[in-house]
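S.K.: Please model the entire structure based on the sequences and the hints provided.
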Amino acid sequence: MSLDFLAYFYSPGVVCQILVGLSRTVILFIVASGLSLILGVLRIPNIAHGSLYMIGAFMAYTVSRVVGGGITGYWMAIILAPLGVALVSFIVERGIFSRLYEREHIMLFLLTFSFSLVFGDLVKMVWGADYRSVPMPTSFQGSIPIFGLPFPIYNFFLLLMGPIVAVLLWLIVNKTKMGKISRAAAVDREMVGAVGINVSLVFCIVFVIGCFLAGLGGALVAPIVNVVLGMDHTLIMECFLIVIIGGLGNIWGALLGSLIFGLTQSLGILIWPQFGIVFPYAAVIVVLSFRPTGLLRSTW
Amino acid sequence: MKRAMIVGLSVVLLGFLGVSFSYGANTIKVGFVDTYSGPASVYCFDVVDGFKMAIDAINAKGGVLGKKIEYTTRDEKFNPATGLAMAKELVMREEVDILAGTINSATTLAVSDFAKKEKIPFLCTFAKSEKITGEMGHRYVFGVAENTRMIGKATAFAVAKKPYKKFWVAGEDYEYGHAVGMASWRYIKAMKPDAELLGQTWWKVGEADLAPYITPIVQAKPDMLYMATGGVGNLNFMKLAKAMNLMKEMACFLHTSIELSNLQALGKEGPEGIMGTVNYLFYYPETPENKAFVAEFRKMYNRPPKVGALYGYAAAQLIAKAYQKAGKIDKEKFITAMEGLTVDSPVGKLEMRKCDHQLMLPMFYGVTQKSPQYPDFLIAGDIMTIAGKDYLPTCDEIMKVRQK
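So the sequences go chain by chain: D and W.
When the letters of the first sequence are read in order and numbered with the numbering used here, they come out as residues 1 to 300.
When the letters of the second sequence are read in order and numbered with the numbering used here, they come out as residues 1001 to 1404.
Calculated from the structure, these hints are not laboratory results.
Keep in mind the model is a prediction, meaning the values are calculated, not measured.
Beta carbons: idealized from backbone N, C-alpha and C, even for Gly.
One or more hints might be untrue.
Between beta-carbon pairs, the in silico distance windows are [as the list claims (entries may be wrong)]:
| hint | chain 1 | residue 1 | chain 2 | residue 2 | range |
| --- | --- | --- | --- | --- | --- |
| 1 | D | I197 | W | R1303 | 30 to 40 Å |
| 2 | D | P145 | W | A1190 | 47 to 57 Å |
| 3 | W | K1117 | D | R297 | 57 to 67 Å |
| 4 | D | M237 | W | T1385 | 42 to 52 Å |
| 5 | W | R1093 | D | G193 | 51 to 61 Å |
Straight-line distance between alpha carbons at most 16 Å, and here's what the computed EDC-like set of lysine to aspartate or glutamate pairs gives [as the list claims (entries may be wrong)]:
| hint | chain 1 | residue 1 | chain 2 | residue 2 |
| --- | --- | --- | --- | --- |
| 6 | W | K1221 | W | E1249 |
| 7 | W | K1077 | D | D121 |
| 8 | W | K1321 | W | D1056 |
| 9 | D | K124 | W | D1075 |
M.R.: Printed below as a string of structure tokens:
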């Protein structure tokens, strides 16, 4: 193979590709951080996390239909859809998970898997099998040229959302009492309970926040995709890989993992478009061969 | 309590038996195996609805050979193993005369193989694999829908006169994607020897954000991008194409871009200027036959028919007319009658080609555009009809691939 491909890296197209890759990273990060949060504190490998992402997208569709497709409808969808998902997760947590925290991982794993099937069928019953599309608000329509290449405005918006969510998460985890308790509970839940803290309540809040993030990811992705049954399948797999290479339960690991996943993918496509999808998975293999427990410290 | 349970159970069991008995001996039974749950089901309901509409009319006139046509459905949930088991159940237990359905190509090939062994006629009403009536074709299988080889040849036919030289093929990394992408490229190359394939891009089925894949293609500056996505992925591409105004950079061609499932979902937001092909449009051709079909379908189901409705309708017409021609309910006579049979349809006369058992449907080429007549969604404009004889692979071609 010649070194021709290196020339790509000096071309302005690479800058564009990195930006596109980063915007893709945002959705992955938002969903994966929620997964990681739940995994770290509650020790639940939540397969149904992807279904909540799908429900978030469907709820965004419903809100945009009810309110109308304009910019107000869009913002309402971005806020109401994740809240709706949070409500669903609250019911599920209080009704079922809160009673099963002491069970083995494999049992919880199977339980969340069964939930992903139940949620899938519920979505079909409520919304049906037709293709749905959330209209893009006028202000986000179109693209702007970067070095002559069209860059969708919505992807810029996603680039902004990523850091905002990351900073908010950092504040919640590091600057609030709740965050501190949840970090302590992640390390030793019995001890936290022994000092008189209502661990069950903390778990509930963390679970709801994690699922809120899944819903947010779904609502954010809704205007650019076909909102349809099965949209959760690909994403949940990628999110698990991201959480694993980042370090189980570490939300900064989720950030790092998403960056690795998104960027190896977008740059891989530049180098070898025909087999671009291989690159992120190759990166996962490389990371795991050198750091089997993930890049950052796992809370497990 | 115990007695109540026994009574209840017997009622349930009798219910089951009732289902089987309700098929008197005096009916022609068609068994559909198809996907009625999950994303693919959006296409399959139209097939059954179109089929039902046709047989209702046939049965109202006294049926065929004095027998009514009945059908039953099985949901294979897009799983080939389930689909095959259900086809077996339909033949062994329900004793259907004809098998039909299947959108999943893997299921279709499995059921087709079973149909060959059992000598049961099987009408494939959606799956797009070219192997069904091509490489793996046989006496008992019939293709009622188009396949990837036909799509490829229709694409080449549609763009042959356009000034494109440099092509790029991109799409979803699964059998349909590769088959349709490569078939289109093969036929384009055959019709335009100076055509050049700059590259290919493939992504996972269900990939949400396609921007990382499409941006490098813009950089490569092909004259035409052939999109090899099917079903769910179509919308993701069409939305991005609109956001990036991709049609300004290059010509974009996507089979079924003009199909109603896509354009209706996109609503007013649909991208203008994407070329595409499809076997059925409810607003074209503007013939009395098509208008009557649409009016009747709307009356029954309160929605306009999509492409699947044509396949289902055509399948019903073929079955009825073939039995009429055969003169008795006999599987071998039915097959012989089907070969070369011509039926009426909303899109004109359709012939079941004898050499490969492929229905010679017309293909409509068009470009997505806004229309004052349908303010809620885009429709196809600049429509060109490609006749079956112009885009079906020739019988020689089929015989050659079958010999391999």
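S.K.: Hint by hint, note whether the structure agrees.
M.R.: Going through the hints against the structure:
| no. | hint | result |
| --- | --- | --- |
| 1 | I197(D) with R1303(W): 30 to 40 Å | violated, 56 Å |
| 2 | P145(D) with A1190(W): 47 to 57 Å | violated, 37 Å |
| 3 | K1117(W) with R297(D): 57 to 67 Å | holds, 59 Å |
| 4 | M237(D) with T1385(W): 42 to 52 Å | holds, 43 Å |
| 5 | R1093(W) with G193(D): 51 to 61 Å | holds, 57 Å |
| 6 | K1221(W) with E1249(W) | holds, 7 Å |
| 7 | K1077(W) with D121(D) | holds, 12 Å |
| 8 | K1321(W) with D1056(W) | holds, 15 Å |
| 9 | K124(D) with D1075(W) | holds, 15 Å |
Against the hints set out earlier in the document, violations occur for numbers 1 and 2.
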